[in-house]
Amino acid sequence: MLMIGAVVFAYVGMLALCLGLERHYKQVWGRAPAPWLRVALRSAGWSALAISLWVSGVAWGWAMGPVAWFGGISLAGFGVAMLLPYWPRAMVWLAAALPLWGVLLAV
Amino acid sequence: MKNTFTQSMAWLHTWAGLIFGWLLFAIFATGTLAVFDSEIDNWMRPEVRSHDLTQLQAAQRGLAYLTQHAPGASNWNISLPDARSPGLQVASGERRRGGGTALDPHTGEPIEVRETAGGSFFFRFHFTLNLPRNWGIFVVGALAIVMLVGLVSGIVIHKKIFKEFFTFRPGKGQRSWLDFHNASAVLLLPFHLMITYTGLVIFLLIYMPAAVDALFEGDNQAYYKAQGEQRLLTPRAALKQPAALVDLAPVLASAQERLGAISSIGISNPGTAAARIEVRPTLGYRIALSKGQAMVFDGVSGELLRDVPDMRPAVLTQRVMAGLHFAQFGGYPMRWLYFVCALVSTAMIGTGLVLFCVKRRRKYASASVSAQRWYKVAESFNVAFVAGLMLACAGLLWANRLLPVELAQRANWEVKAFFAVWLLSLLHAGLRPAQRAWAEQLGLAAVLCIGLPVLGALTAQHDPAHRVLEATSVVLGGLLAYAAWRCVAPREEKPARKRATVAVEGQ
Numbered sequence: 001m002l003m004i005g006a007v008v009f010a011y012v013g014m015l016a017l018c019l020g021l022e023r024h025y026k027q028v029w030g031r032a033p034a035p036w037l038r039v040a041l042r043s044a045g046w047s048a049l050a051i052s053l054w055v056s057g058v059a060w061g062w063a064m065g066p067v068a069w070f071g072g073i074s075l076a077g078f079g080v081a082m083l084l085p086y087w088p089r090a091m092v093w094l095a096a097a098l099p100l101w102g103v104l105l106a107v
Numbered sequence: 001m002k003n004t005f006t007q008s009m010a011w012l013h014t015w016a017g018l019i020f021g022w023l024l025f026a027i028f029a030t031g032t033l034a035v036f037d038s039e040i041d042n043w044m045r046p047e048v049r050s051h052d053l054t055q056l057q058a059a060q061r062g063l064a065y066l067t068q069h070a071p072g073a074s075n076w077n078i079s080l081p082d083a084r085s086p087g088l089q090v091a092s093g094e095r096r097r098g099g100g101t102a103l104d105p106h107t108g109e110p111i112e113v114r115e116t117a118g119g120s121f122f123f124r125f126h127f128t129l130n131l132p133r134n135w136g137i138f139v140v141g142a143l144a145i146v147m148l149v150g151l152v153s154g155i156v157i158h159k160k161i162f163k164e165f166f167t168f169r170p171g172k173g174q175r176s177w178l179d180f181h182n183a184s185a186v187l188l189l190p191f192h193l194m195i196t197y198t199g200l201v202i203f204l205l206i207y208m209p210a211a212v213d214a215l216f217e218g219d220n221q222a223y224y225k226a227q228g229e230q231r232l233l234t235p236r237a238a239l240k241q242p243a244a245l246v247d248l249a250p251v252l253a254s255a256q257e258r259l260g261a262i263s264s265i266g267i268s269n270p271g272t273a274a275a276r277i278e279v280r281p282t283l284g285y286r287i288a289l290s291k292g293q294a295m296v297f298d299g300v301s302g303e304l305l306r307d308v309p310d311m312r313p314a315v316l317t318q319r320v321m322a323g324l325h326f327a328q329f330g331g332y333p334m335r336w337l338y339f340v341c342a343l344v345s346t347a348m349i350g351t352g353l354v355l356f357c358v359k360r361r362r363k364y365a366s367a368s369v370s371a372q373r374w375y376k377v378a379e380s381f382n383v384a385f386v387a388g389l390m391l392a393c394a395g396l397l398w399a400n401r402l403l404p405v406e407l408a409q410r411a412n413w414e415v416k417a418f419f420a421v422w423l424l425s426l427l428h429a430g431l432r433p434a435q436r437a438w439a440e441q442l443g444l445a446a447v448l449c450i451g452l453p454v455l456g457a458l459t460a461q462h463d464p465a466h467r468v469l470e471a472t473s474v475v476l477g478g479l480l481a482y483a484a485w486r487c488v489a490p491r492e493e494k495p496a497r498k499r500a501t502v503a504v505e506g507q
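Chains as they are written, first to last, in my numbering: chain F, 1 to 107; chain L, 1 to 507.
Note that these hints are calculated values from the structure, not bench results. Hints should not be assumed to be uniformly reliable.
Below are the SDA-like pairs computed for lysine to any residue, each with C-alpha atoms no more than 20 Å apart in a straight line [what the hints assert, rightly or not]: (1) Lys-163(L) x Trp-93(F); (2) Lys-163(L) x Val-39(F); (3) Lys-160(L) x Gly-20(F); (4) Lys-163(L) x Ala-44(F); (5) Lys-359(L) x Ala-371(L); (6) Lys-26(F) x Pro-170(L).
Sample of chain F residues with no beta-carbon within 12 Å of chain L, all distances over it, derived [to be verified]: (7) Ile-4; (8) Pro-33; (9) Leu-37; (10) Val-39; (11) Ile-51; (12) Val-58; (13) Gly-71; (14) Tyr-86; (15) Ala-97; (16) Leu-98; (17) Trp-101; (18) Gly-102; (19) Leu-105; (20) Ala-106; (21) Val-107.
Even for Gly, the Cβ is constructed at its ideal location relative to N, Cα and C.
Working from the sequences, and respecting the hints, build out all of it.
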């Protein structure tokens with residue numbers, strides 16, 4: 001469960017970083033993001049990646065955790081890049097996996 | 001060579017990438033499959049059925065068989081089933097490890113298992129290209145250095161690494177190939193660098209023997225011994241004294257508590273007072289590759305004589321790097337991460353190769369006849385080394401189930417089938433127009449991959465443990481089929497896609 005969480009946070013982080021770039025934000029929403037929104041998305045992205053590292057460390061231990069984290073964020077970023085041109089909205093909606101994971105974890 | 005630094009790097013990346021990329025693709029593709037070598041092994045040995053016995057139960061079946069059939073042997077070896085592989089094997093005699101007689105873990109009776117190259121063929125091919133071992137290791141090592149050169153020169157010539165971090169624009173010909181090549185390279189750069197560099201470190205002592213030559217006169221064993229691998233002396237007097245072997249249960253339990261799953265048990269001088277039990281862990285209980293490590297117990301009292309040795313910093317560094325490459329740690333989740341990362345790496349090399357030809361298609365259409373001939377060679381090699389290799393890999397699995405079980409030297413015939421398919425694909429690629437050759441070979445590979453569950457069901461009794469491999473094969477087959485379809489129908493696709501992107505942007 002924690003391992004899945006690490007991947008989900010990695011995905012959300014990469015997604016936010018991607019939307020934090022003006023070109024890609026336009027690609028999804030058709031307009032430029034407000035400057036504060038861009039900053040917010042980027043900070044959220046980096047924070048989510050940091051949380052992903054922490055969750056990886058807890059899930060795998062601090063020797064294997066960083067290895068899994070690098071793999072996770074790389075694949076998450078690649079996933080975002082592949083989804084963006086085909087299903088941009090679905091890419092954003094996939095972030096719903098995060099609250100879903102949170103609920104499942106709490107139950 | 002070109003004028004500026006970037007231009008020379010681009011030249012280097014292009015040509016080194018093309019010439020060495022063909023073999024690098026084969027190395028990465030088979031390396032990807034080797035992540036699941038045991039699972040492929042299992043599929044290729046359908047006579048070994050999955051079961052839910054514990055390691056202790058299996059060990060006791062093996063022990064009973066050896067006690068009955070090889071009572072006087074100086075050494076016994078029992079390879080145990082684990083989470084990845086259900087096989088139980090026993091061997092006896094002087095210093096035998098691995099192989100031997102396969103047993104049914106339920107009954108303890110020997111079973112007939114087909115001779116096969118197995119998934120370990122992909123593993124061996126990955127680091128030797130099926131050349132004689134040391135030659136292969138040197139060739140693959142040289143290619144790994146070229147891979148590092150490719151990665152670094154690629155970083156130099158890629159001008160917008162961060163600006164185009166997530167950029168992929170499909171349906172735009174050359175642009176799309178470059179985008180995919182860049183995205184897969186940049187986003188997985190940590191993986192590419194790690195896997196290439198650690199691959200070199202595994203054979204450190206073969207590539208750079210100078211230190212061991214100078215300090216230990218070239219004796220690698222002496223080097224490892226100096227790292228703390230003490231050897232236990234056999235008490236000669238006790239050899240003549242008969243004594244019963246200690247119960248395996250507590251011995252195995254204490255080893256499992258310390259090391260996790262066990263890969264095999266070696267018993268030396270069984271039946272005497274000098275008996276020793278060596279318990280070897282599976283490779284993945286920590287990142288550092290634990291190959292050759294073992295806990296040694298007294299065979300009569302069950303007392304621990306030697307724990308797994310602590311590794312000195314130099315050896316530990318090398319073992320951790322080798323372990324990072326072998327991906328034996330972290331169980332199945334880690335294995336899947338490595339597998340998918342490696343798939344993307346393989347695709348990165350493949351798209352780089354295709355890009356070379358796509359970029360030059362228009363230029364060579366109006367070039368001289370001899371230039372066109374060279375271009376055709378590059379195109380054919382691309383087809384054979386990318387699509388043809390995947391076809392040959394799938395072909396190996398088909399050969400495993402289709403060749404008669406009683407065939408002599410069966411494993412060799414499977415390997416011959418692999419290379420025959422590969423050679424035929426080169427021939428086919430030379431004869432057919434490039435686009436058709438791509439479509440036909442990718443299509444055939446897709447059929448073989450998607451058909452694997454059917455072949456499995458028709459040629460052997462169903463084993464639920466094979467389901468994951470067969471499902472993965474179908475998914476990969478689907479990707480290959482999509483690629484084949486895009487080769488034959490790229491033109492109708494374009495305008496539709498363009499309209500779709502415009503619509504999205506216009507919102």
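Item to complete: Would you pick out the hints that fail for this structure and give their numbers low to high?
Response: As far as the earlier hints go, 1, 7, 13 and 14 are violated by this structure, in ascending order.
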